[in-house]
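Protein chains: 2
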Amino acid sequence: MKAIFVVGDGMADRPIRELAMKTPLQAANTPSLDKVARNGICGIMDPISPGVPGGSDTAHLALFGYDPYKYYFGRGPFEALGAGLDVAHNDVAFRCNFATVNEDMLILDRRAGRKIESADNLAEALNCLKLNSFPDILVNFKHTTEHRCALVLKGPGLSRMISDSDPNQNDTHILPIVPLDDTIEAARTANVANELTSIFYKILDGHPLNEIKRHKGAHVANAILLRGAGTLSKEIKTLNERYGISAAVIGVNALVLGVCKAVGMQHLKVDEATGTVETDVKAKAKKAIEAIDRFDFVYVHVKGSDNASHDGDFDQKILSIEKIDDLVGHLIDNIDSRESLIIVTADHSTPVKLREHSGDPVPLAITGEGVRTDNISRFSEIDCSLGGLGRIRGIDLIPILVDLMGKSKKYGS
Amino acid sequence: MKAIFVVGDGMADRPIRELAMKTPLQAANTPSLDKVARNGICGIMDPISPGVPGGSDTAHLALFGYDPYKYYFGRGPFEALGAGLDVAHNDVAFRCNFATVNEDMLILDRRAGRKIESADNLAEALNCLKLNSFPDILVNFKHTTEHRCALVLKGPGLSRMISDSDPNQNDTHILPIVPLDDTIEAARTANVANELTSIFYKILDGHPLNEIKRHKGAHVANAILLRGAGTLSKEIKTLNERYGISAAVIGVNALVLGVCKAVGMQHLKVDEATGTVETDVKAKAKKAIEAIDRFDFVYVHVKGSDNASHDGDFDQKILSIEKIDDLVGHLIDNIDSRESLIIVTADHSTPVKLREHSGDPVPLAITGEGVRTDNISRFSEIDCSLGGLGRIRGIDLIPILVDLMGKSKKYGS
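Going line by line, the protein sequences match chains Y and H. Taking the numbering used here, I'd label the letters of the first sequence as residues 1023 to 1435. Taking the numbering used here, I'd label the letters of the second sequence as residues 1023 to 1435.
One chain only, chain Y, in its complex shape (with noise of 0.2 Å):
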């Protein structure tokens, strides 16, 4: 038995007075999920613990069976990996923006104009550095989207516990980097971030690419500002070392890819795939019935209706979710429900009248061959929350999944 794996980002919800208290899930045309609902089992999930709002990072980690508690030590290295850099387990890695300042280090704009051409080339300027004062640490740099980039320290000695330097604001001074504990492993890390932090704007601001912006009148990138430091748990063993299962994934978002790729998915590319509202649902579908035959489980992962949720934007959920809903079609239509599992959920609730994540469980639907069914037929949050599967938390339903799966290892006998 296989299994393909449909998370909606951020798609539960809150009921909402615009939409006469329903959630978007419930306001939303959605047969094809209710028909997963209806031919399955649903219950509720609590993707970290009940109350408690996960990130996306967190939360993917524990529904991929990873207690964060446990395995989770910042989100800088899951951006790196997603960025389709290289993260070893004493690397200390980060996400990064870029930004525009003056020669001051007055920050006039911590996104340099979140639209920057030619950021590939910018980051590539800054990578492969070597530091002066440090030179056994090796620079790894990269651009993701937009003005997002990761940044990735190789060598002895290294910490995560250090600050940001970016202040999350603009019209105030890139902030000094200093140790968070009294280790000389993140006193000398701070050294190496601040340093960093000098060099990078030293290439960026001569560089003929931004000498090209400031002609333009555009934002110039000069400044990389850093966050996140984190490293990788020695830990997180692969599903494929756990449980025996080979794992792929179809998605575009940095961090949830970088969550993926450390648990050994292999990343299947989609170039319709965009990341936003307007993804284009169907290519991921075919990908994924293209990827059962070769991969025990995979995993789609859609952002749209996150995006749609922070911009508090209940329309735009709904589309989301309706794209969401096509998808799954694709997948029924397709699947043969005697060889693999479907199974569709939300990483975590993203309340479009709160713009962020909340602690709210979220819908569970799985269905397929052995699955037990419920008298459930609409897949909402209040709808599973009668099911039969209850309330579970996020680290359990890897176990459920495998065992329906038949991959399971009875304990004791």
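Quick caveat, the hints were computed from the structure, so don't treat them as lab data. Incorrect hints may have been included.
If chains are identical, the list can't say which one is meant, so a pair holds when it fits in one copy or spans any two.
With a straight-line cut-off of 25 Å between C-alpha atoms, the simulated DSS-like cross-links for lysine-lysine are [unchecked claim]: (1) K1375 <-> K1432; (2) K1152 <-> K1224; (3) K1375 <-> K1024; (4) K1044 <-> K1024; (5) K1057 <-> K1044; (6) K1429 <-> K1375; (7) K1224 <-> K1137; (8) K1283 <-> K1432; (9) K1291 <-> K1137; (10) K1044 <-> K1429; (11) K1044 <-> K1375; (12) K1375 <-> K1431; (13) K1429 <-> K1283.
Owing to the predicted nature of the structure, the values given are computational and were not obtained by experimental measurement.
Model the placement of chain H on the given structure of chain Y, informed by the hints.
Only chain H this time, still in chain Y's reference frame:
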């Protein structure tokens, strides 16, 4: 978003033959509790864990988000805090009884007749004592209700690991207190407690107020029985420190007030509240409605339902539940659901047929802006078990409420 949290102590029950196999909650007329259920989300909750009967102290710790297995080191300090005594983290505190003993220390009545005239004055004679053999120990002593008192020992080298002097029955001698582990501190504390028992007897037996009692033929209150030695966990941070919420409590039960004070709640006195079935619930509701302007979180405790349960009196229990319903009705009528949640539950089940706490889960209902709504319309042990919250644990409740109040912090990013 704010929250008014109402607990009917021991309110949950089991089916009762004389009530046609209904529980007191099912048999009672509870239009307002039902309205909370209908307008909100319901569930059942294991205050400690399934099948484990909580005490009022451990259950309240759990309901406020503090795992009692981590934060509970005996009942004494909560009784003492509730009585208005100061308890520091290295103090050892006890709950105590006034008792009547003869000159051989044989206990004639371990409650000294229960109703004790001038108990406050007798207790005052024991307060701020200094012991000749232990000059570095300070004794704080206070009468609470009827025969009940609280004692706090302050000084270096004390331990809670000592036995009780209260044999829990009459016609036996006061028990010598013994250390319960091999530490010097436990041995020293046992010696302090035994010496105190002698001194208390000397002071009380010769006290002029007891002479008057003797003349009247009333029980003399000439001894103090000690039990429940405990310390206050250093690790208990206030709700404000943990979640940034200011909290107040309305109630009279010393033990519950002690837990509330330990987690940083301010006690708001209601002169009309009695802690019995006859308590004036309207006055408590009115105080809660006033208080919610000044505090984020107002906790309202009603003890009557538990008293009726321990007395095995289901008629009185139904009456007490209907009073709690009145209280909640006043809240519903005067609280703006867009500004404050209303939460109703019990701290544990106390089946009237057992006359003791049981490990059954308790019903729970939460209403207010943003709360997902299920289709439960009756507040009872069984109806709520079919609700959208499913089955949660006591320590999960506060994170859920804090999240609904918009005060939760995202874990990860």
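Quick rundown of the hints versus the structure:
When the C-alpha separation of K1375 and K1432 is checked against a cutoff of 25 Å, the pair qualifies only between copies, where the shortest distance is 16 Å, while the shortest distance within a copy is 45 Å. Taking the shortest alpha-carbon separations for K1152 and K1224, only the intra-copy value of 14 Å comes in at or below 25 Å, while the best inter-copy value is 72 Å. Proximity of K1375 and K1024 under a CA criterion of 25 Å is satisfied inter-copy only: 17 Å between copies versus 37 Å inside one chain copy. Within a single copy, K1044 and K1024 get their C-alpha atoms only as close as 34 Å, which misses the 25 Å cut-off; across copies the closest is 23 Å, which meets it.
For the homomeric pair K1057 and K1044, the shortest alpha-carbon distances inside one copy (20 Å) and between copies (19 Å) are both at most 25 Å. For a Cα distance limit of 25 Å, the shortest separation of K1429 from K1375 across copies, 15 Å, qualifies, whereas the shortest one inside one copy, 41 Å, does not. Taking the closest pair of Cα atoms, K1224 and K1137 come within 25 Å of each other only inside a single copy of the chain (22 Å); across copies the shortest separation is 84 Å, beyond that limit. In the homo-oligomer, the alpha carbons of K1283 and K1432 lie at most 25 Å apart only across protomers (23 Å), although the nearest pairing inside one protomer, at 28 Å, exceeds that limit.
For the homomeric pair K1291 and K1137, the shortest alpha-carbon distance inside one copy (23 Å) is at most 25 Å, but the shortest distance between copies (60 Å) is not. In this assembly of identical chains, the alpha carbons of K1044 and K1429 lie at most 25 Å apart only when taken from different copies (23 Å versus 39 Å within one copy). In this assembly of identical chains, K1044 and K1375 lie within 25 Å of each other by CA distance solely inside one copy; the values are 13 Å within and 41 Å between copies. Taking CA atoms no more than 25 Å apart as the test, K1375 paired with K1431 passes between copies only; the shortest distance there is 17 Å, against 43 Å inside one copy.
In this homomeric assembly, K1429 and K1283 come within 25 Å of each other (Cα to Cα) only inside a single copy, at 21 Å, whereas the closest approach across copies is 33 Å.
Checked against the numbered hints listed earlier, the structure breaks none of them; every hint is satisfied.
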